[in-house]
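Trainee: Model the full structure from these sequences, guided by the hints.
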Amino acid sequence: KTLLAISALSLATQVSAAAFDGFYAGVNAGMTRPTVKNSVLRNNTNPQTKKLSKAALTVGVQTGYAVTFANNMFAAGELNFNYDGLARKKGTTDLTQIALRADAQSKMQKLYNVALAAKGGYNFGAGVGYLGGFLGFASYKVSVTSGNTTFKNNTRPFIYGPLVGAEFKVTDTLTAGLEGRMEFSRA
Numbered sequence: 005k006t007l008l009a010i011s012a013l014s015l016a017t018q019v020s021a022a023a024f025d026g027f028y029a030g031v032n033a034g035m036t037r038p039t040v041k042n043s044v045l046r047n048n049t050n051p052q053t054k055k056l057s058k059a060a061l062t063v064g065v066q067t068g069y070a071v072t073f074a075n076n077m078f079a080a081g082e083l084n085f086n087y088d089g090l091a092r093k094k095g096t097t098d099l100t101q102i103a104l105r106a107d108a109q110s111k112m113q114k115l116y117n118v119a120l121a122a123k124g125g126y127n128f129g130a131g132v133g134y135l136g137g138f139l140g141f142a143s144y145k146v147s148v149t150s151g152n153t154t155f156k157n158n159t160r161p162f163i164y165g166p167l168v169g170a171e172f173k174v175t176d177t178l179t180a181g182l183e184g185r186m187e188f189s190r191a
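Quick note: the sequence shown uses this note's numbering, first residue 5, plus one each step.
Read the hints as simulated data drawn from the structure, not as lab findings. Please note that the accuracy of each hint is not assured.
Derived lysine-lysine pairs resembling DSS-like cross-links, with alpha carbons at most 30 angstroms apart [stated by the list, open to error]:
| # | residue 1 | residue 2 |
| --- | --- | --- |
| 1 | Lys54 | Lys145 |
| 2 | Lys54 | Lys41 |
| 3 | Lys111 | Lys156 |
| 4 | Lys173 | Lys55 |
| 5 | Lys145 | Lys58 |
| 6 | Lys145 | Lys111 |
| 7 | Lys145 | Lys93 |
| 8 | Lys54 | Lys156 |
| 9 | Lys93 | Lys55 |
| 10 | Lys156 | Lys145 |
| 11 | Lys173 | Lys145 |
Mentor: Structure representation (structure tokens):
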């Protein structure tokens with residue numbers, strides 16, 4: 005399965021006196037677009053494939069530690085949890101070529117993801133720009149129903165990918181920002 009996820013609008017409340025330095029915790033909301041490719045194979049025939057993709061709201065929380073060095077270089081480590089349960093999609097697949105009934109219903113739902121991120125960038129004073137990467141795992145429910153038979157696959161694949169973002173001071177202890185991620189997984 006390959007997943008494309010983009011989350012935006014990260015709000016983080018800093019625990020330390022200076023923004024972009026110290027422990028922080030926050031909430032986030034954005035858009036995700038998971039894509040799942042179901043392949044049905046019977047008796048070593050060519051598989052019939054159905055690609056399901058659905059844009060949905062994602063919400064989550066994160067906590068981490070950030071530090072700005074004397075040369076204004078910025079680094080942070082972050083743990084986040086996002087709920088993606090609104091990303092549900094159904095589709096019909098033609099299975100006549102593999103000797104099943106004429107069609108089947110495919111369903112996909114991404115439930116959540118948990119990831120550890122590393123970020124590095126530059127502190128401009130009023131804001132930081134950064135690049136980074138993340139890794140973790142996600143949870144999916146996938147099923148294919150043909151007639152009265154349902155095949156289910158609940159999986160928690162390893163996820164990884166790049167991220168890019170920027171945060172800006174709202175007050176001395178509150179920041180707001182935007183972050184985009186490209187999430188990949190295979191299961």
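Trainee: Take the hints in turn and mark each one as holding or not.
Mentor: Evaluated hints:
no.: 1; hint: Lys54 - Lys145; verdict: holds (15 angstroms)
no.: 2; hint: Lys54 - Lys41; verdict: holds (6 angstroms)
no.: 3; hint: Lys111 - Lys156; verdict: holds (9 angstroms)
no.: 4; hint: Lys173 - Lys55; verdict: violated (41 angstroms)
no.: 5; hint: Lys145 - Lys58; verdict: holds (14 angstroms)
no.: 6; hint: Lys145 - Lys111; verdict: holds (8 angstroms)
no.: 7; hint: Lys145 - Lys93; verdict: holds (11 angstroms)
no.: 8; hint: Lys54 - Lys156; verdict: holds (15 angstroms)
no.: 9; hint: Lys93 - Lys55; verdict: holds (10 angstroms)
no.: 10; hint: Lys156 - Lys145; verdict: holds (8 angstroms)
no.: 11; hint: Lys173 - Lys145; verdict: violated (39 angstroms)
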